[in-house]
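Colleague: Counted the way UniProt numbering counts, the sequence shown spans residues 1 to 150.
Certain hints may be false.
[Claimed, not checked] BS3-like, lysine-lysine: derived pairs with alpha carbons at most 25 Å apart:
| hint | residue 1 | residue 2 |
| --- | --- | --- |
| 1 | K75 | K116 |
| 2 | K122 | K148 |
| 3 | K75 | K28 |
| 4 | K150 | K75 |
| 5 | K122 | K75 |
| 6 | K128 | K116 |
| 7 | K28 | K40 |
| 8 | K32 | K75 |
| 9 | K122 | K28 |
[As the list claims (entries may be wrong)] Pair ranges (Cβ atoms, derived):
| hint | residue 1 | residue 2 | range |
| --- | --- | --- | --- |
| 10 | S110 | N146 | 26 to 34 Å |
| 11 | R100 | A63 | 16 to 24 Å |
| 12 | A67 | N20 | 17 to 25 Å |
| 13 | T59 | Q133 | 41 to 49 Å |
| 14 | N146 | Q113 | 14 to 22 Å |
| 15 | P149 | A67 | 18 to 26 Å |
| 16 | E112 | R62 | 22 to 30 Å |
| 17 | M147 | D105 | 32 to 40 Å |
| 18 | Y143 | N20 | 33 to 41 Å |
| 19 | D84 | D64 | 17 to 25 Å |
| 20 | Y143 | A63 | 46 to 54 Å |
| 21 | L108 | E41 | 28 to 36 Å |
| 22 | E87 | R62 | 45 to 53 Å |
Since the hints were derived computationally from the structure, they do not count as laboratory data.
Ideal Cβ placement from N, Cα and C applies to all residues, glycine included.
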Amino acid sequence: FQMSAEKNIDITQMIDDASNMVFNGHRKASFKNAKWCFDKEVGAICTGNKLADAGFYFTGTRADPSAATCAFCLKEMIFDATDDPWEEHIDHCPDCFFVRFNQQDENLLSMEQFLKLIAFRKTHLMGKWCESQISRFSSAVDYVTNMKPK
């Protein structure tokens, strides 16, 4: 994959997340390892496998054990046992590229689609980082503004 005439990019550098949640198998493992709260519930629609197929990985806590985050748009959602993960993803994140491509089987994605998903994820990761830096800067401004001169 070549970005420009001067610079070759190693695609593995684009997938720098150690957990590689962009891959369905890793997302499924996140629910299995966490013992997803609805997997053993009789009649539950919202299983760990369905969440992974819909692009989510486990991010639950003791306070919110039914939380999961999209590996691409990074939207965290709290699920109920009766939720359909794919429909919830469509309803809450219609601009997510994973939703737009409407292809839950990663083996059927084209290379172009896969690279767009990775770029989309990177864009959202950078956006979250920028938000955190703005918040830190705002806190510093507030602190300095409220300082009393000696």
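Colleague: Hint by hint, say whether it matches the structure.
Modeller: Okay, the hints, checked on the actual structure:
Proposed proximity of K75 and K116 is supported: the alpha carbons are some 17 Å apart, at most 25 Å. Distance check on the hinted pair: K122 and K148 sit about 41 Å apart at the alpha-carbon level, beyond 25 Å; violated. Only pairs whose Cα atoms come within 25 Å are accepted, and K75 paired with K28 is accepted, the gap being roughly 17 Å. In summary, the hint linking K150 to K75 is not supported, as the alpha carbons are separated by about 46 Å, beyond the 25 Å threshold.
Pair hint K122 plus K75 holds up; C-alpha atoms about 14 Å apart against a cutoff of 25 Å. A C-alpha spacing of about 18 Å is found between K128 and K116, which places the hinted pair at or below 25 Å, so the restraint holds. Between K28 and K40 the CA atoms are separated by roughly 15 Å; this keeps the pair inside 25 Å, and the hint holds. Proximity of K32 to K75 is assessed by CA-CA distance (about 20 Å); at most 25 Å being required, the pair is judged to hold.
Using a Cα cut-off of 25 Å, the hinted pair K122 and K28 holds, with the two alpha carbons roughly 21 Å apart. Between S110 and N146 the beta carbon distance is about 54 Å. The supplied range of 26 to 34 Å is therefore violated. For R100 and A63, the hinted distance range of 16 to 24 Å is not satisfied, since their beta carbons lie about 32 Å from each other. Between A67 and N20 the CB atoms are about 20 Å apart, so this pair conforms to the stated range of 17 to 25 Å.
Distance hint for T59 and Q133: a CB-CB separation of about 22 Å, inconsistent with the stated range 41 to 49 Å. The hinted window of 14 to 22 Å between N146 and Q113 is violated, with their beta carbons roughly 50 Å apart. Range check, P149 to A67: about 45 Å between beta-carbon atoms, so the 18 to 26 Å window is missed. Taking the beta carbon of each, E112 and R62 are about 41 Å apart, not inside 22 to 30 Å as hinted.
Taking 32 to 40 Å as the suggested C-beta distance range, the pair M147 and D105 does not conform, at roughly 57 Å. A hinted range of 33 to 41 Å holds for the C-beta pair Y143 and N20, which are about 39 Å apart. For the hinted restraint 17 to 25 Å between D84 and D64, the CB-CB distance of approximately 19 Å keeps it satisfied. The hinted window of 46 to 54 Å between Y143 and A63 is violated, with their beta carbons roughly 29 Å apart.
Here the CB-CB span from L108 to E41 is close to 30 Å, well matched to the stated 28 to 36 Å. A beta carbon spacing of about 27 Å between E87 and R62 contradicts the range 45 to 53 Å that was offered as a hint.
Against the hints set out earlier in the document, violations occur for numbers 2, 4, 10, 11, 13, 14, 15, 16, 17, 20, 22.
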